[in-house]
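There are 2 protein chains.
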Amino acid sequence: MTQLKNDLLIRALLRQPVDRTPVWMMRQAGRYLPEYRAVREQAGSFMNLCTNPELACEVTLQPLRRFRFDAAILFSDILTIPDAMGLGLYFTEGEGPKFKHPIQSVSDIKKLPIPDPNTELRYVTDAVKLIRQHLNGSVPLIGFSGSPWTLATYMIEGGSSKNFQKAKSLMYEQPNYLHSLLDKLAQSVAAYLNAQIEAGAQAIMLFDTWGGMLTTEDYCEFSLQYAKQVKALLANTGKDGNTVPAILFTKGGGQWLEAMLDAGYDALGLDWQTDIHKARLQVGSRVALQGNMDPVALYAQPEFIVEKVKAILEKFGKGSGHVFNLGHGILPDINPRHVEAMVNAVHQYSPVYHR
Amino acid sequence: MTQLKNDLLIRALLRQPVDRTPVWMMRQAGRYLPEYRAVREQAGSFMNLCTNPELACEVTLQPLRRFRFDAAILFSDILTIPDAMGLGLYFTEGEGPKFKHPIQSVSDIKKLPIPDPNTELRYVTDAVKLIRQHLNGSVPLIGFSGSPWTLATYMIEGGSSKNFQKAKSLMYEQPNYLHSLLDKLAQSVAAYLNAQIEAGAQAIMLFDTWGGMLTTEDYCEFSLQYAKQVKALLANTGKDGNTVPAILFTKGGGQWLEAMLDAGYDALGLDWQTDIHKARLQVGSRVALQGNMDPVALYAQPEFIVEKVKAILEKFGKGSGHVFNLGHGILPDINPRHVEAMVNAVHQYSPVYHR
Chain X
811 MTQLKNDLLI RALLRQPVDR TPVWMMRQAG RYLPEYRAVR EQAGSFMNLC
861 TNPELACEVT LQPLRRFRFD AAILFSDILT IPDAMGLGLY FTEGEGPKFK
911 HPIQSVSDIK KLPIPDPNTE LRYVTDAVKL IRQHLNGSVP LIGFSGSPWT
961 LATYMIEGGS SKNFQKAKSL MYEQPNYLHS LLDKLAQSVA AYLNAQIEAG
1011 AQAIMLFDTW GGMLTTEDYC EFSLQYAKQV KALLANTGKD GNTVPAILFT
1061 KGGGQWLEAM LDAGYDALGL DWQTDIHKAR LQVGSRVALQ GNMDPVALYA
1111 QPEFIVEKVK AILEKFGKGS GHVFNLGHGI LPDINPRHVE AMVNAVHQYS
1161 PVYHR
Chain G
811 MTQLKNDLLI RALLRQPVDR TPVWMMRQAG RYLPEYRAVR EQAGSFMNLC
861 TNPELACEVT LQPLRRFRFD AAILFSDILT IPDAMGLGLY FTEGEGPKFK
911 HPIQSVSDIK KLPIPDPNTE LRYVTDAVKL IRQHLNGSVP LIGFSGSPWT
961 LATYMIEGGS SKNFQKAKSL MYEQPNYLHS LLDKLAQSVA AYLNAQIEAG
1011 AQAIMLFDTW GGMLTTEDYC EFSLQYAKQV KALLANTGKD GNTVPAILFT
1061 KGGGQWLEAM LDAGYDALGL DWQTDIHKAR LQVGSRVALQ GNMDPVALYA
1111 QPEFIVEKVK AILEKFGKGS GHVFNLGHGI LPDINPRHVE AMVNAVHQYS
1161 PVYHR
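Protein chains in written order, with our numbering: chain X, 811 to 1165; chain G, 811 to 1165.
No wet-lab data here; the hints were simulated from the structure. Just so it is clear, the structure is predicted and the values come from calculations on it, not from any experiment. Do not rely on the hints blindly, as some may be mistaken.
No copy labels: a pair is met if it fits in one copy or bridges any two.
[As the list claims (entries may be wrong)] Below, simulated DMTMM-like cross-link-like pairs (lysine to aspartate or glutamate); rule was C-alpha separation at most 20 Å, straight line: (1) LYS1118 / GLU1150; (2) LYS976 / GLU1117; (3) LYS1041 / ASP926; (4) LYS1041 / GLU1068; (5) LYS1118 / GLU1031; (6) LYS908 / GLU930; (7) LYS1041 / ASP993; (8) LYS1088 / ASP1072; (9) LYS976 / GLU1113; (10) LYS972 / ASP1081; (11) LYS972 / GLU903; (12) LYS972 / GLU905; (13) LYS1088 / GLU1068; (14) LYS1118 / GLU1027.
Using the sequences and the accompanying hints, generate a full structural model.
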């Protein structure tokens, strides 16, 4: 059982006292880093990078060598589960993810297997184990998955979508079939996250990238309900015997925080449009909050970035329960020195809120 | 002074009793109609269609010949003001609007004129007059403009944008210059809308398409403040001596309804993500609400569309103050018979809420 040298993230997610606000960044292992681009080049394709535990481990660790982040997040893709279900994930330059065999009929849904994460997704659990070895207890490792609804949209649309016409048409016209798909996905996501926890993930995050495209009612019925089901199936304790906190992030979900409390997560991720002060007033001490600087603010010169960081720390205010992050993933052409300005500002200006 | 034969829209926007919920549709004069596509073809280019009062009048009237809509909305583009300021609006097939001369420096902002709507935008006021003649009091005509913030984004980015990097960088680093641009735009928008009102517009709507991409604070400072300034400068009475209600629509603004009340509009537009029942509880009798069916629901078969309409009417509940609409513009490949199902359902199922 490894003792974490830096457990700020875990403590903040569980709303235990900390002496500083922890900070990490969605997509921190990514294209804004030249050393990432070099490994990506070496891998040949994005899928090769995801499925090679050594390379996935290497890019996971890269941002930690540069910045004083308080967590590592597994480098992987949100669409590994549908790929393991046989849909054939591939990437074409500049076009986003696609599936060779999208869901086109009800019988396609019925035929879908629930993947065994220890065989079809072995490359992920192997990466988790390897990353944990290399981290050697320096900071916790976050595991993750796409949410059932978000996975379903890609599986039905065959890739990225603007309006989600096919997924929503199934929702309107044959909701029971969509429910059966989402149920299968919830079971698969839970098994996948539990395998990551068993392999060593010390916190987990569910990315509900497209829940915010739904009406309030449809969000509750088709997205949030299955995020709740996932949480209910998750192991609470990791391989070290410690509590594994869980974070739910619905982009565009700022109106639904009250409903999200019911899903049982330890923390909610906030996009940048949501006011973190009002959000804290709303959720009280029931969950921690993660976020929420506008990713575009990282284009500004460092002195302006520092002001934005200070404003967000001040908005959250005194006490534990805040994990500093962006409100969405970092954009690929950000100057790494601007990230450094953000991270250093959290280190410098947050201790006063924890005295 | 023309007496309106159908004043349901005006009455609902002013929260006066009606015997049925009025209905119209954002982008109702548009590509989903074959007769629109024929006129668009005839015009040669989208700009030719916008700047030709006879053709703009024709496409404005087309949806009213098919469907029992309770309002016409001027056919035009939201970017006519920047074009009149000299930025050179043009459209390339499948790429959205672009400017030949986007704002690239602070001196570009200083040089921008406030256009005289009766000269540079004469084609718009001419279209308004012509449409009023043809409508002959059957239903009211809605005039509109893009909001100052939304116009500013296109002017700075040079066209559509995903992340608004340039506009937000100006906001972070030189906010005073952005304020001076927004102030100039607010004056221009107010003059433009007043010219539409003088020409015969009977209600107006401000489209804040991109306000929802901002943080809460930035929305209040850079978008809402200028929507408020526009409203303060608007004529309250039209050329017929009647009150001209004003609607503010911020896509993605569902979290900010409370703040929006302060801008002085008679009605707020809701996107489909916002729960219209909760929104009504929040705004009480201070404003009317317009919306908010998911535009993607119009892909569903008519029987499902009818259920969606009934659910929204029920959510708003009894009493006046609701204008039925989509939560965003209609998509270009919708079957017109599905629109008919929506409109007819509002006619059939709304009277019970007004007894």
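Here is what the structure says about each hint:
1. Taking the shortest Cα distances, LYS1118 and GLU1150 sit within 20 Å of each other inside one copy (14 Å), while across copies they are farther apart (49 Å).
2. For a Cα distance limit of 20 Å, the shortest separation of LYS976 from GLU1117 across copies, 19 Å, qualifies, whereas the shortest one inside one copy, 43 Å, does not.
3. Only within a single protomer do LYS1041 and ASP926 lie at most 20 Å apart by alpha-carbon distance; the minimum there is 18 Å, versus 59 Å between protomers.
4. With identical chains, the CA atoms of LYS1041 and GLU1068 are at most 20 Å apart within one copy only, with a shortest distance of 17 Å there and 33 Å across copies.
5. Within a single copy, LYS1118 and GLU1031 get their C-alpha atoms only as close as 36 Å, which misses the 20 Å cut-off; across copies the closest is 15 Å, which meets it.
6. When the C-alpha separation of LYS908 and GLU930 is checked against a cutoff of 20 Å, the pair qualifies only within one copy, where the shortest distance is 19 Å, while the shortest distance between copies is 47 Å.
7. When the C-alpha separation of LYS1041 and ASP993 is checked against a cutoff of 20 Å, the pair qualifies only within one copy, where the shortest distance is 13 Å, while the shortest distance between copies is 49 Å.
8. For the homomeric pair LYS1088 and ASP1072, the shortest alpha-carbon distances inside one copy (18 Å) and between copies (18 Å) are both at most 20 Å.
9. For the identical chains of this complex, LYS976 and GLU1113 are inter-copy neighbours only, at 17 Å across copies versus 45 Å inside a copy, given an alpha-carbon limit of 20 Å.
10. For the identical chains of this complex, LYS972 and ASP1081 are neighbours both inside a copy (19 Å) and across copies (16 Å), given an alpha-carbon limit of 20 Å.
11. Taking the shortest alpha-carbon separations for LYS972 and GLU903, both the intra-copy value of 18 Å and the inter-copy value of 18 Å come in at or below 20 Å.
12. For a Cα distance limit of 20 Å, the shortest separation of LYS972 from GLU905 qualifies both inside one copy, at 13 Å, and across copies, at 15 Å.
13. In this assembly of identical chains, LYS1088 and GLU1068 lie within 20 Å of each other by CA distance both inside one copy and across copies; the values are 12 Å within and 13 Å between.
14. Taking CA atoms no more than 20 Å apart as the test, LYS1118 paired with GLU1027 passes between copies only; the shortest distance there is 11 Å, against 34 Å inside one copy.
Consistency with the previously given hints is maintained throughout, with no hint failing.
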